[in-house]
Each structure stands twice: as C-alpha cells, then as structure tokens.
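These are the residues of each chain, in order.
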Amino acid sequence: NAGVTQTPKFQVLKTGQSMTLQCAQDMNHEYMSWYRQDPGMGLRLIHYSVGAGITDQGEVPNGYNVSRSTTEDFPLRLLSAAPSQTSVYFCASSKKPSGYGYTFGSGTRLTVV
Amino acid sequence: DAKTTQPTSMDCAEGRAANLPCNHSTISGNEYVYWYRQIHSQGPQYIIHGLKNNETNEMASLIITEDRKSSTLILPHATLRDTAVYYCIVKAPRGAGSYQLTFGKGTKLSVIP
Chain A
1 NAGVTQTPKF
11 QVLKTGQSMT
21 LQCAQDMNHE
31 YMSWYRQDPG
41 MGLRLIHYSV
51 GAGITDQGEV
61 PNGYNVSRST
71 TEDFPLRLLS
81 AAPSQTSVYF
91 CASSKKPSGY
101 GYTFGSGTRL
111 TVV
Chain B
1001 DAKTTQPTSM
1011 DCAEGRAANL
1021 PCNHSTISGN
1031 EYVYWYRQIH
1041 SQGPQYIIHG
1051 LKNNETNEMA
1061 SLIITEDRKS
1071 STLILPHATL
1081 RDTAVYYCIV
1091 KAPRGAGSYQ
1101 LTFGKGTKLS
1111 VIP
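Quick note, the sequences are listed as chains A and B, same order.
Numbering-wise, the working numbering puts 106 at position 106 of the first sequence, and it's gapless, one number per residue.
Quick note, the working numbering runs 1000 ahead of the 1-based positions in the second sequence.
In short, the hints are calculated from the structure, not lab data.
Quantities reported herein were computed from a predicted structural model and do not represent experimental measurements.
Please note that a few of the clues may not be correct.
Pair by pair, the computed Cβ-Cβ distance ranges are [what the hints assert, rightly or not]:
1) B:T1072 with A:Q17: 45 to 55 Å
2) B:E1066 with A:N62: 18 to 28 Å
3) A:K95 with B:T1072: 36 to 46 Å
4) B:I1112 with A:D26: 36 to 46 Å
5) B:N1057 with A:D26: 18 to 28 Å
Quick reminder that beta carbons are idealized off the backbone N, C-alpha and C, glycines included.
Starting from the given sequences, assemble the full structure and let the hints guide the process.
In structure tokens:
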C-alpha cells in the first residue's frame, strides 16, 4: 500500500542510548519531515528535507539528527536519549512543502526511562 | 503565519452536519487555510484547503468568509468515524516558515450516536 511507513511502532530506551527511527515513503515525494507530539500539545516540527541530500532544522531540532540519502528514506537519529524526548514521533511526506496533501505515518511511540 | 482560534470541543449527532469554525483574523493575502484531522493515536490526515473560494471534496466542504478572517469546515453527514481532533492551519505556500505546519490544539469533535 502506498504511503508512509514508520518503524518501530513502539520503543523504550534508557537515558543515554541512541537509536534511529525509520521513515520510508513510496510516493516519490520530494518533501519529508519529522514532527513530535507531546500530550495535550500540537505537533512540532523537528527536521525537514526538500529533497535527497538537503535537510534543515525545524522548531525543535536539538538532540536529533537527520539525513536524506534517497528520495524514499528519511531516518531520524536520537544521539543520546533523554526523558524529555519521550513523545510520539510522526513522519510526513508531500510533493511540495506548501501545506496540502501531507501524508503522515502512523507514528512511533518512544519512551525514555 | 497567522494565528488561528478554534473551539476546544464540539459534539455532533451522527448523520447530521458538523460545522467546525476557525478564526484567523490576521491572515495575509497569500496565506491558505488548511484543515487536517487526527483520529486517536493515528497520524494527522489532510482534509481540504482553500485560499478565498469555497472548496468541496469527497471528505468535506470549506467555507471561507469574504474578508477571509474566518472559515468553517463542514462534514455533511458525520459518522462515528469522524470523531477526531480537527486542526485549522493558516500558512503561506512559499517563503519563510512555509516548510512547517503549525498545529495548535484544534477542536475535539465527538460524534454522538
């Protein structure tokens, strides 16, 4: 099925551990982005990419790295997990960053203990 | 991007039309109105967007006032599956800040049997 696939769906990390959240899309979308959603809050942009080899920071980039080596994949790396990074993470893609037609993945629920 | 104001919650009887309002009194001439919804624990889903004309698609209708300071999302025949948080987002398709969807707290719509 066409869409955005995120893995894993759930993850528990210990403080200081590192991990990579995977995001893949099969719609040939140029624009991809990562958001986090904390309880009772809206989604906040972490990093985004307008095409392979091009990434930029969003509203809350600290503690996260991204890379975009292919059009399809946009992994999010947590360098040294902290309890403040406990959140639900959503990956999104679209043809253009204009605002319409974003397709979101089903999310990764991350707990840092 | 213009700030939006939405009611915190609304109820709608199943089968009736759901009318979700959004105020965006400081909207600029090049900013569009986008609507997304988030069903519990899932990623947000794009619904519809518009600039100044009324828009309709298979999911909903969007009515934008002539002065563009407010809009209404209409779900013509609400079902239980429409229970979700609905986000009204105003942003320009290009330029500074165009790479981010700013999600507020949205309106929690509960469709009642």
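Quick check on a hinted range of 18 to 28 Å for B:E1066 and A:N62, using CB atoms only.
violated, 43 Å
36 to 46 Å as the expected CB spacing between B:T1072 and A:K95, which holds or is violated:
Violated - the Cβ-Cβ distance for A:K95 and B:T1072, about 27 Å, lies outside 36 to 46 Å.
B:T1072 paired with A:Q17, Cβ distance criterion 45 to 55 Å
Since B:T1072 and A:Q17 have Cβ atoms about 47 Å apart, the given range 45 to 55 Å holds.
Cβ distance range 36 to 46 Å for B:I1112 and A:D26, holds or violated:
Since the Cβ atoms of B:I1112 and A:D26 sit about 38 Å apart, the hinted range of 36 to 46 Å holds.
Quick check: does the Cβ-Cβ distance between B:N1057 and A:D26 fall within 18 to 28 Å?
Since the Cβ atoms of B:N1057 and A:D26 sit about 23 Å apart, the hinted range of 18 to 28 Å holds.
Comparing the model with each numbered hint stated earlier shows that hints 2 and 3 do not hold.
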